[in-house]
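Colleague: Single-letter residue listing:
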Amino acid sequence: MITIKNLHASIDGKEILKGLNLEVPAGQVHAIMGPNGAGKSTLASVLAGREDYEVTEGSVDFDGADLLELSTEDRAREGMFLAFQYPVEIPGVSNVNFLRTALNEIREYRGQEAISAKDFMAMVREKSAIVELDPKLASRAVNEGFSGGEKKRNEIFQMAMLEPKLAILDETDSGLDIDALRIVANGVNKLRSEKNATIVITHYQRLLDYIIPDVVHVLYDGRIVKSGPKELALELEEKGYDWIKAEQEAK
Amino acid sequence: MGYTENELAKDLENQEYKFGFVTNIESDKAPKGLNEGIIRFISAKKEEPEWLLDFRLKAFALWKEMTEPEWAHVHYEKPDFQDITYYSAPKQTKKYESWDDVDPEMKETMAKLGISMEEQQRLTGVAVDFVMDSVSVATSFKSKLAELGIIFCSFSEAVKEHPELVRKYMGSVVPMTDNFYAALNSAVFTDGSFCYIPSGVRCPMELSTYFRINEGGTGQFERTLVVADQGAYVSYLEGCTAPQRDENQLHAAVVELIALDDAEIKYSTVQNWYPGDKEGKGGIYNFVTKRGLCERNAKIAWTQVETGSAVTWKYPSCVLKGDNSIGEFYSVAVTNNYQQADTGTKMIHLGKNTKSTIISKGISAGKSQNSYRGLVQIHKSADNARNFSQCDSLLMTDECGAHTFPYIECKNSSAKIEHEATTSKIGEDQIFYCLQRGISEEKAISLIVNGYCKEVLNQLPMEFAVEAQKLLAISLEGSVG
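Residue numbers (our numbering), protein chains in the order written: chain A, -4 to 246; chain B, 24 to 504.
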């Protein structure tokens, strides 16, 4: 689904990603873990196309397309979705209006007809159930006055509505209590299929109890330094990141 | 790629006025300049009664003693009042009997404005009194309104047909002594609209007037008078666009609303006059006096969406004279390039238990200056008066300005007054969030801006809200790609 080769990216002249390699095939969930400042959120931002970051080297193949050549909105239209660590509030714009605009822009890009109001509302009902989101929230302004948990559930609801090929969950577990965590994770699991892929960025192993990853990667100092099965997450939980740091410094 | 503030600034500067076209209809106009002779010419041309001529001459005498106000936060070259043509009428002065008789060129103009009258009549049930330059050329739905006793006609016609009403109410809310421009208007006004809703009647449709300045160098001095008799209700719409000009055009209208006991008037304006080019050359000067008077239990709501004019000086106000009366003001003011707007409202609380609400949303782009100026005045007699004001400013660039001048004068300790104000910049985070969901930059800006103005747009009647959204989009179009 996505193949990242030797990716270098910097912000304000400071290099954050220093030759990152990563391959996530369709049908798999990969977790990216790592200490603070390793570049986890930078990776999410660079892939989504945030302007503040400059890609200085490397390539990203996204389902056959050269991702780095695509505009931010075209990446989304090609099927990339970023669940934000800090979802943005847009006062006065209802969630449904926002999502219908997004959905129709994506459909137009793909040469499909705009969705009818009736089909759209049916879809809203169906998909909001996946994350147990009160359908009333769908008609409220985007993230405005939402609790932390509601914001994160809303991200997964949007993901369900837009049906991306690749979803990147950036610290989706941060600020969630255990019940909300379970709901969000259940939502993500229901959306898993053979055709899509998911990258889960997280600090804690906790989320991976619910979203079982196929592979766990350790991101350190702008590079993937270790990859392994889901047990690697448990090892990190137990031992922290110091041994990774020591290993790297030994090299 | 994503969209930056600087790109937005650049794009906004490049945006040209959409409705820049001139209709070529031969005019029947007065020579330039202003003196008693010109006033007599206007009055004679309009076959006015003696009392109205006297009214004009008295206003002119007062005006000569007055000086132009300078307190507003705007800078402009003062108009040369002797270089203005004070009367100009389309040559075809005969009223059209039917829509088919209307000059095709005029129809085309309206089509360009997106307000095809046939369509409006058929689809929306909106009665339109279309003012081109200074004489009304088409009035519709009149007979239907007449059945209910509603009078909706041009001001000149009202002077001829209903002199007692005009004489009784004209100048009762905005006296000719009120200010420099109100005095000028009282002396030289050429036409406008008049509306009277009889006691207990609820006007079944939105009444709408489209103004359009069309003759080069012609100042427009419209006069509007809306009277809702006891228990009556009316929703009145005013919308404007003007063709592109090189010289500044002065517009100094007077609008008076009178809501008698238990009556309600909703007055909505969408204004898109030529704002000048991107260097700030040309554009309309809009110095308008709008005020409404509320008697007992009456309600007046002003809603305005202002996107045009080079200089705007406008404060739709409410005098809450009767007990339990309500005044509301909802405003969106967009300024771009070198536009300057100083706009807001005055809420004058005289009666007991009077309530007022002010929601003002300013959007500044380019190098424009956007000011909110408001006065909330609670008089001694106004027990338990209540005011809520909210003034928000949205900045699109680093070079524009947003200013707030709220004045509160309270002489009654039982009053409750709340004022909230915010200033924000359009968020790159918001735009990125939209882009990441596949929404284009242009649509993202439009969504965010419309969301920001929602409380005001919600106050507009449906058809007008759609038009207002279009205008906001046009005003900010080119801000992307």
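Since the hints were made in silico from the structure, they are not lab data. A couple of the hints might just be wrong.
Once the Cα atoms are required to be at most 27 Å apart in a straight line, the calculated DSS-like pairs of lysine-lysine come out as [what the hints assert, rightly or not]:
1. A:K113 <-> B:K477
2. B:K369 <-> B:K439
3. A:K146 <-> B:K477
4. B:K439 <-> A:K131
5. A:K13 <-> A:K225
6. A:K113 <-> B:K301
7. B:K344 <-> B:K369
8. A:K246 <-> A:K221
9. A:K160 <-> B:K434
10. A:K113 <-> B:K369
11. B:K466 <-> B:K301
12. B:K448 <-> A:K146
13. A:K131 <-> B:K369
14. B:K466 <-> B:K344
15. A:K146 <-> B:K167
Simulated DEER-style distance windows between Cβ atoms [stated by the list, open to error]:
16. B:E422 <-> A:D47: 49 to 57 Å
17. A:N181 <-> B:N407: 35 to 43 Å
18. B:S447 <-> A:Q243: 17 to 25 Å
19. B:Q105 <-> A:E139: 52 to 60 Å
20. B:N481 <-> A:P130: 20 to 28 Å
21. B:E302 <-> A:S188: 51 to 59 Å
Since this is a predicted model, take the numbers as computed values, not measurements. By construction, the Cβ of each residue, glycine as well, lies at the ideal position given by its N, Cα and C atoms.
Colleague: Against this structure, judge whether each hint is valid.
Modeller: Hint-by-hint comparison with the structure:
1. A:K113 <-> B:K477: holds, 24 Å
2. B:K369 <-> B:K439: holds, 16 Å
3. A:K146 <-> B:K477: holds, 22 Å
4. B:K439 <-> A:K131: violated, 33 Å
5. A:K13 <-> A:K225: holds, 25 Å
6. A:K113 <-> B:K301: violated, 44 Å
7. B:K344 <-> B:K369: holds, 13 Å
8. A:K246 <-> A:K221: Given pair A:K246, A:K221 holds - Cα atoms ~13 Å apart, limit 27 Å.
9. A:K160 <-> B:K434: Violated - the C-alpha atoms of B:K434 and A:K160 are around 65 Å apart, more than 27 Å.
10. A:K113 <-> B:K369: At roughly 45 Å apart (the allowed maximum being 27 Å), B:K369 and A:K113 break the hint.
11. B:K466 <-> B:K301: holds, 23 Å
12. B:K448 <-> A:K146: holds, 23 Å
13. A:K131 <-> B:K369: violated, 38 Å
14. B:K466 <-> B:K344: violated, 44 Å
15. A:K146 <-> B:K167: violated, 53 Å
16. B:E422 <-> A:D47: 49 to 57 Å: violated, 22 Å
17. A:N181 <-> B:N407: 35 to 43 Å: Given about 54 Å between the Cβ atoms, the range is violated.
18. B:S447 <-> A:Q243: 17 to 25 Å: For B:S447 and A:Q243 the Cβ distance comes to about 43 Å; the hint is violated.
19. B:Q105 <-> A:E139: 52 to 60 Å: Given range 52 to 60 Å: holds, Cβ gap about 55 Å.
20. B:N481 <-> A:P130: 20 to 28 Å: holds, 22 Å
21. B:E302 <-> A:S188: 51 to 59 Å: holds, 57 Å
Going down the numbered hints, you'll see the structure goes against 4, 6, 9, 10, 13, 14, 15, 16, 17, 18, while the others check out.
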